[in-house]
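Peer 1: Given next are the chains, with one letter for each unit.
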Amino acid sequence: MDVTLRFFATFRDAVGQKEVGREVDPGTTVGELLSALEREYDGLEGELLADGEIRSQLNVLANGRGVQYGDGVETELEDGDTVSVFPPVAGGASDAVVPNTDGQ
Amino acid sequence: MTDLRLSATQLERYSRHVIMDEVGPEGQARLLAGSVLVVGAGGLGSPVVQYLAAAGVGRLGIVDDDVVDRSNLQRQVIHADGDVGRPKVESAREFVDRLNPDVTVEPHELRLSADTIATLPDYDLVVDASDNFATRYLLNDYCALEGIPLVHGAIYRFEGQLTTFENDGDGPCYRCLFPEAPEPGTVPDCATTGVLGVLPGTVGCIQATEAVKLVLETGEPLTGRLLVYDAMDMRFDTVEVRQNPDCPLCGEEPTIESIHDVAYEGRCTLSAD
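So the sequences go chain by chain: R and P. The opening residue of the first sequence carries number 1 in the numbering used here; numbering runs sequentially from there. The opening residue of the second sequence carries number 1 in the numbering used here; numbering runs sequentially from there.
Honestly, the hints are just simulated from the structure, not real lab data. Since we're looking at a predicted model, the values are computed, not measured. One or more of the hints may lead you astray.
[Unchecked claim] Calculated cross-link-like contacts (lysine to aspartate or glutamate; reagent style EDC-like; alpha-carbon spacing at most 16 Å):
1) P/K213 x P/E26
2) P/K213 x P/D124
3) P/K213 x P/D81
4) R/K18 x P/E166
5) P/K213 x P/E166
6) P/K213 x P/D21
7) R/K18 x P/D233
8) R/K18 x P/D237
[Claimed, not checked] What the simulated footprint calls covered on chain R by chain P, stretch by stretch (three residues with Cβ under 8 Å from a Cβ of chain P suffice, anywhere in the stretch; the number is not a length):
9) 14-24
10) 48-62
[Said to hold, decoys possible] With the C-beta cut set under 10 Å, the calculated list includes, among others, these residues of chain R facing chain P:
11) G31
12) Y41
13) F86
14) V89
All C-beta atoms in this analysis are idealised placements derived from N, C-alpha and C, irrespective of residue type, glycine included.
Sequences are here, hints too, so could you generate the full structure?
Peer 2: Spelled out as structure tokens, the structure:
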């Protein structure tokens with residue numbers, strides 16, 4: 001069956017794409033999918049799961065609902081599901097945190 | 001709640017508000033009697049300050065400890081070339097003074113911390129227009145514990161995230177969505193990654209809209225919803241945000257009972273002591 005993955009912010013950078021389609025076996029769980037993604041993309045290794053659970057610094061949605069409110073990593077995917085993975089972002093005000101590299 | 005009468009000048013200035021049933025003279029009087037704390041006078045804070053001042057929100061607190069840098073001017077539209085090197089709160093106050101004499105700006109040139117936040121006067125609501133996780137988690141925890149509505153907005157390159165926490169006792173809060181901050185350095189800031197100049201304009205305008213609605217007590221705030229904006233695809237997605245029973249702040253067995261319990265530099269988790 002087919003699922004669609006959507007990545008936001010830093011995960012988008014790590015994957016190099018906003019949206020990825022994947023074919024998975026029926027009964028595949030969110031945890032199995034995330035684990036496969038970590039193996040597939042170097043930039044995602046260790047970023048999605050910690051001790052088999054979804055890391056607390058990111059949010060994973062299956063069809064717009066946070067999986068942590070349901071069965072978490074055990075959430076079973078269904079054909080046509082969209083899974084969105086996004087981190088918190090902080091930007092907004094100044095940019096004085098990191099000095100400019102041109103010396104000014 | 002208020003017997004404030006609008007002057008002839010105010011009736012003219014705010015006529016396009018007053019003419020609408022949803023605002024009317026009572027709503028405008030409510031705005032003039034209202035107070036909002038804007039944390040950050042940068043990319044997000046600029047449009048927030050502009051529109052809240054234009055709307056006649058009577059008391060605007062502005063928190064920022066930074067000075068204007070020339071690289072800010074691509075997006076921080078209340079500051080001008082001649083302001084480079086000046087405190088942002090001063091530049092912001094001058095902007096508002098020129099725009100609307102009905103608005104009193106209270107500049108707070110400081111870095112928010114668990115200690116300094118207690119020194120600020122009370123405001124009806126807070127707009128988070130900051131640029132770092134320490135301030136964001138501090139504001140979330142403080143506003144949730146004190147029951148102060150908080151309008152959240154954040155940006156990254158071409159993306160924005162927005163939501164409103166009414167903090168009326170039912171949750172959710174930011175920690176329901178992201179229980180703790182990423183490790184320092186893992187999520188880059190605007191200086192390292194860049195940001196499309198107009199992006200914070202869009203996000204800040206939505207934050208200002210939420211703030212005005214909250215003061216007016218009208219409409220449906222972004223409560224329980226995270227609005228995710230993708231400027232490149234020009235796409236808005238709405239994501240449900242529910243109160244998390246395991247939330248360390250507003251869950252069933254909270255571990256954070258005071259902002260002094262938390263070490264805000266780093267991952268914003270409980271102090272190790």
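Peer 1: Which earlier hints can't be squared with this structure?
Peer 2: 3, 4, 9, 11 and 12
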